[in-house]
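Student: The listed protein sequences correspond, in order, to chains A and B.
The letter at position 466 of the first sequence is residue 466 when you use this note's numbering, and the numbering goes up by one with no holes.
The letter at position 220 of the second sequence is residue 220 when you use this note's numbering, and the numbering goes up by one with no holes.
In case anyone wonders, no lab produced these hints; they're calculated from the structure.
Glycine residues also receive a C-beta, built at the ideal position from the N, C-alpha and C atoms.
Please note that a few of the clues may not be correct.
Reference excerpt, derived from the structure (chain A facing chain B, CB under 8 Å, subset only) [stated by the list, open to error]:
1) I236
2) L238
3) V241
4) G267
5) A307
6) V313
7) F333
8) A338
9) M392
10) V393
11) T411
12) I436
13) A440
14) L445
SDA-like, lysine to any residue: derived pairs with alpha carbons at most 25 Å apart [to be verified]:
15) K311(A) with L247(B)
16) K97(B) with S257(A)
17) K246(A) with F53(B)
18) K311(A) with M157(B)
19) K473(A) with M157(B)
20) K211(A) with N110(B)
21) K473(A) with L247(B)
22) K246(A) with S257(A)
23) K211(A) with P83(B)
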Amino acid sequence: MRRDRYAERIKTASLKDKRLVSIGRYLIVLCLLSFVHSPVWAQSNLTYELRVGATGEVRLLKEFPESCEGEKVNISIGPLTLLDRSAVRPLALPDTLDFIFTSLEGRPGEVSVFDSIYSYVDESGMQWTVWRNQKEPKNRSQRVLVANAYKTFEQYVVTNTAAAKRSRGWIWFVFAGMLLAAGATYACTVIVQRRREKKLSSVEQETLRRKRMGLRRHYGSQLYLWVLLIVLYAPIALIAVFSFTKSKILGNWTGFSFELYANLFTGKADAGLNSAIWYTVVIALVAAVCSTILGTLAAIGIYNMRARQRKIVSFLNSVPMINPDIITGISLFLLFVALHFSQGLATVCIAHVVFCTPYVVLSVLPRLSRMNPNTYEAALDLGATPAQALRMVMLPELWPGMLSGFVLALTLSVDDFGVTFFTKGSGGLETLSTFIYSDARKGGLTPELRPLFTIILLVMLAVLIYINIRNNKQKNE
Amino acid sequence: MSKVLQIFSSRRTWAWPYVLFMALFVVLPLILVGVYAFTDIDGHFTIRNFTKFFTHSEAIQTFLYSVMIAVFNTAICLLIGYPAAYIMAQEDFKTPKVMAMLFILPMWINFLLRTVATVELFNMLGLPLGEGALLFGLCYDYLPFMIYPIYNTLQKMDNSLVEAAQDLGANRWTCFWKVIVPLSMPGVYSGIVMVFMPTVSTFAIAELLTHNNIKLFGSLIQDYITTTDLLNYGAVLSLVLLIIIGLTSFFGDHDAKEEGGELV
Numbered sequence: 001m002r003r004d005r006y007a008e009r010i011k012t013a014s015l016k017d018k019r020l021v022s023i024g025r026y027l028i029v030l031c032l033l034s035f036v037h038s039p040v041w042a043q044s045n046l047t048y049e050l051r052v053g054a055t056g057e058v059r060l061l062k063e064f065p066e067s068c069e070g071e072k073v074n075i076s077i078g079p080l081t082l083l084d085r086s087a088v089r090p091l092a093l094p095d096t097l098d099f100i101f102t103s104l105e106g107r108p109g110e111v112s113v114f115d116s117i118y119s120y121v122d123e124s125g126m127q128w129t130v131w132r133n134q135k136e137p138k139n140r141s142q143r144v145l146v147a148n149a150y151k152t153f154e155q156y157v158v159t160n161t162a163a164a165k166r167s168r169g170w171i172w173f174v175f176a177g178m179l180l181a182a183g184a185t186y187a188c189t190v191i192v193q194r195r196r197e198k199k200l201s202s203v204e205q206e207t208l209r210r211k212r213m214g215l216r217r218h219y220g221s222q223l224y225l226w227v228l229l230i231v232l233y234a235p236i237a238l239i240a241v242f243s244f245t246k247s248k249i250l251g252n253w254t255g256f257s258f259e260l261y262a263n264l265f266t267g268k269a270d271a272g273l274n275s276a277i278w279y280t281v282v283i284a285l286v287a288a289v290c291s292t293i294l295g296t297l298a299a300i301g302i303y304n305m306r307a308r309q310r311k312i313v314s315f316l317n318s319v320p321m322i323n324p325d326i327i328t329g330i331s332l333f334l335l336f337v338a339l340h341f342s343q344g345l346a347t348v349c350i351a352h353v354v355f356c357t358p359y360v361v362l363s364v365l366p367r368l369s370r371m372n373p374n375t376y377e378a379a380l381d382l383g384a385t386p387a388q389a390l391r392m393v394m395l396p397e398l399w400p401g402m403l404s405g406f407v408l409a410l411t412l413s414v415d416d417f418g419v420t421f422f423t424k425g426s427g428g429l430e431t432l433s434t435f436i437y438s439d440a441r442k443g444g445l446t447p448e449l450r451p452l453f454t455i456i457l458l459v460m461l462a463v464l465i466y467i468n469i470r471n472n473k474q475k476n477e
Numbered sequence: 001m002s003k004v005l006q007i008f009s010s011r012r013t014w015a016w017p018y019v020l021f022m023a024l025f026v027v028l029p030l031i032l033v034g035v036y037a038f039t040d041i042d043g044h045f046t047i048r049n050f051t052k053f054f055t056h057s058e059a060i061q062t063f064l065y066s067v068m069i070a071v072f073n074t075a076i077c078l079l080i081g082y083p084a085a086y087i088m089a090q091e092d093f094k095t096p097k098v099m100a101m102l103f104i105l106p107m108w109i110n111f112l113l114r115t116v117a118t119v120e121l122f123n124m125l126g127l128p129l130g131e132g133a134l135l136f137g138l139c140y141d142y143l144p145f146m147i148y149p150i151y152n153t154l155q156k157m158d159n160s161l162v163e164a165a166q167d168l169g170a171n172r173w174t175c176f177w178k179v180i181v182p183l184s185m186p187g188v189y190s191g192i193v194m195v196f197m198p199t200v201s202t203f204a205i206a207e208l209l210t211h212n213n214i215k216l217f218g219s220l221i222q223d224y225i226t227t228t229d230l231l232n233y234g235a236v237l238s239l240v241l242l243i244i245i246g247l248t249s250f251f252g253d254h255d256a257k258e259e260g261g262e263l264v
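Same shape as in the complex, but just chain A (with noise of 0.2 Å):
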């Protein structure tokens, strides 16, 4: 009885207040949400930010305002160290070297105006070009230079524009505000505790001690687990939160909209990805309706095999997952090449039912074994036909099984992006990993694609989420 009571009021005076806890943590929250929400992030007059990267490419780093489309600017860029790779010595360039955009896309990463960024003449008379991002320079016979150590953040103011300058002050003032509260508050909960620990007993402040000890041992690896996460999602979400601006870079905040997600959903989006979406879910429904078919059929057969005949079509199975995608891609693409077949959507499809297949095989598989093997036989017996024992016998033990085989089969090859590339040929077919890749390898990445793996994103966590829950109910029943 009197160890209850000791218990009830440990338990009480290790609960921190949970209004302030509450209230500091929807401080933190909402202070969060201003700063991100912030004119901090907007634009607010015109400066340029270039970023000369490491083979010599020329990143803008803000949009262009539309107004400056197709105006010539020269932007002059301040003294630079050029290491040429070869001679292994610092080469002094001029103070300035002019930039000259004749045409301003507005687009960050293409900046595609020439291919050299520029070329000058040295001392003895050698001519040294830099060149954007490419591997070889056309004409061998201009020595490339590819910079090593440059500035490699540059700001230009370039105009003044009527642009109305917002004030950025007082936001500074709303987030410092918060976080003193925020962490007011946070004291207050300290506070409040140890007058309550003070009217405990001394063994029941040893207990308490004890207790706080062995949740700072629990604190340290949960921090762990938390710092790891935070970095892992860092990237994804990056692109979460800049879904919802219209801002066509990346990391420039031009204030909350849903244009994006609108754009998506009515087409309004870049041509390219709206076919890339088409043929990827088209794909991915023929490719996985196909391997769930072959998949089970393949399955019923094996569990019925002979040993030694089952090792083989096992192994055989498991060749395409042990195979890395590149391999498979390859080896197919070889295979339609020797067989003089023309790439395409057919290929692709092909090729994702070969992947897809042993996983459907692999799913369908342990529902067999847990099936009673005679049902089929005693159908067949009754009179049933095959096909209809298969329907009316079989079908109704492995749904469950061809469907988690059918789901995974769709993300393997929504997600697949190897295989694609090599079977694909060159007609112009596009599935949304290889659009991404062409997409990114141009320079920077068509805004839409934003939203789009934002709900996929959701989607994933919800499926997640659901297997999780039905998981651990069946493990209750």
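Got chain A; can you put chain B on it based on the hints?
Tutor: Frame of chain A; chain B shown alone:
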């Protein structure tokens, strides 16, 4: 017609279409890689492709570099992933299921998108793209594949063994090294296989993460195989990769598949 039905009334034969399909689209293509490696453009037998590989310093260097990067990446993933899996598998840990799920979730998102996101993050933070970015990106992409199998084996581990070791006087450290680590080795092996194999054969990721500055073996193969005249040489490079993969999967044996099959 009835004859056909007769054949398919035995359920063993139901696997035939699949076996045929696999023979045509899995076995034959793999044989073709070998055939192409040993022939020239006109289809005559030659071993010149192989001699070219062994005297082609760029290819050899790229190959060694890729293997090195893969080894590094696997080591980093193991160093980061093992503690995470261990912590999650602890019995007194709060909400392990949700945590494990959160670690697996990124695996289901297209790895190219994740890579592009990493590139954008580096750009936004003003960090340079290069070898560091490459290692970060690879580790970021493949860490879940390391954590999950280890977590699985640790969770299935019989906890009474640990308790027995403690009863017999082992301290935490000895208990960890002598009992827990050896018991979790199957998971570690399959984790290593699941990280090493895709890393060594990776292509596309390296180009995006390093602005085309660093080329891995996968990209090299891609370059050659898509060039019509050099297709046979590309086949040789693929064969080399295939051998590496074969060796690795031999090392990992069946564990990888057992663990990998339970990802859903």
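Student: For every hint, state whether the structure bears it out.
Tutor: Each hint, compared with the structure:
1. For I236(A), the shortest C-beta to C-beta distance to chain B is roughly 6 Å, which falls under 8 Å, so the interface hint holds.
2. With 8 Å as the threshold, the beta carbon of L238(A) comes within range of chain B, its nearest partner Cβ sitting at about 5 Å, so the hint holds.
3. Hint on V241(A) is violated. Least Cβ distance to chain B is approximately 11 Å, over the 8 Å limit.
4. Hint status for G267(A): violated, given a least beta-carbon distance of 21 Å to chain B, over 8 Å.
5. With a cut of 8 Å, the hint placing A307(A) at the interface with chain B is violated, because the nearest CB-to-CB distance is about 12 Å.
6. For V313(A), the shortest C-beta to C-beta distance to chain B is roughly 6 Å, which falls under 8 Å, so the interface hint holds.
7. Hint on F333(A) holds. Least Cβ distance to chain B is approximately 7 Å, under the 8 Å limit.
8. With a least beta-carbon distance of about 6 Å to chain B, the hint placing A338(A) at the interface is held under the 8 Å criterion.
9. At a threshold of 8 Å, the smallest CB-CB gap from M392(A) to chain B is about 15 Å, leaving the interface hint violated.
10. For V393(A), the interface hint is violated, since its Cβ never comes within 8 Å of a Cβ in chain B; the closest pair sits about 12 Å apart.
11. Below 8 Å, beta-carbon pairs count as interface contacts, and T411(A) has one with chain B at about 6 Å; its hint therefore holds.
12. Checking I436(A) against chain B: minimum C-beta separation of about 5 Å stays under 8 Å; hint holds.
13. At its closest, the beta carbon of A440(A) sits 5 Å from a beta carbon of chain B; the interface hint therefore holds under the 8 Å criterion.
14. With a least beta-carbon distance of about 6 Å to chain B, the hint placing L445(A) at the interface is held under the 8 Å criterion.
15. With a C-alpha separation of about 20 Å, the suggested pairing of K311(A) with L247(B) holds against the 25 Å cut-off.
16. Of the supplied pair hints, the one linking K97(B) and S257(A) is violated, its CA atoms being roughly 35 Å apart against a limit of 25 Å.
17. Of the pairs offered as hints, the one joining K246(A) and F53(B) is violated, with about 50 Å between alpha carbons and a cut-off of 25 Å exceeded.
18. A C-alpha spacing of about 29 Å is found between K311(A) and M157(B), which places the hinted pair above 25 Å, so the restraint is violated.
19. In summary, the hint linking K473(A) to M157(B) is supported, as the alpha carbons are separated by about 23 Å, within the 25 Å threshold.
20. A threshold of 25 Å between alpha carbons decides the hint, and for K211(A) with N110(B) the separation of about 43 Å lies outside it, so the pair is violated.
21. Straight-line distance between C-alpha atoms of K473(A) and L247(B) comes to about 41 Å, which puts the hinted pair past the 25 Å bound.
22. Distance hint between K246(A) and S257(A) is fulfilled; the C-alpha atoms sit about 6 Å from each other, no more than 25 Å.
23. Restraint check for K211(A) and P83(B): the C-alpha separation of about 24 Å stays at or below 25 Å, so the hint holds.
The structure fails hints 3, 4, 5, 9, 10, 16, 17, 18, 20, 21 (numbered hints given earlier, in ascending order).
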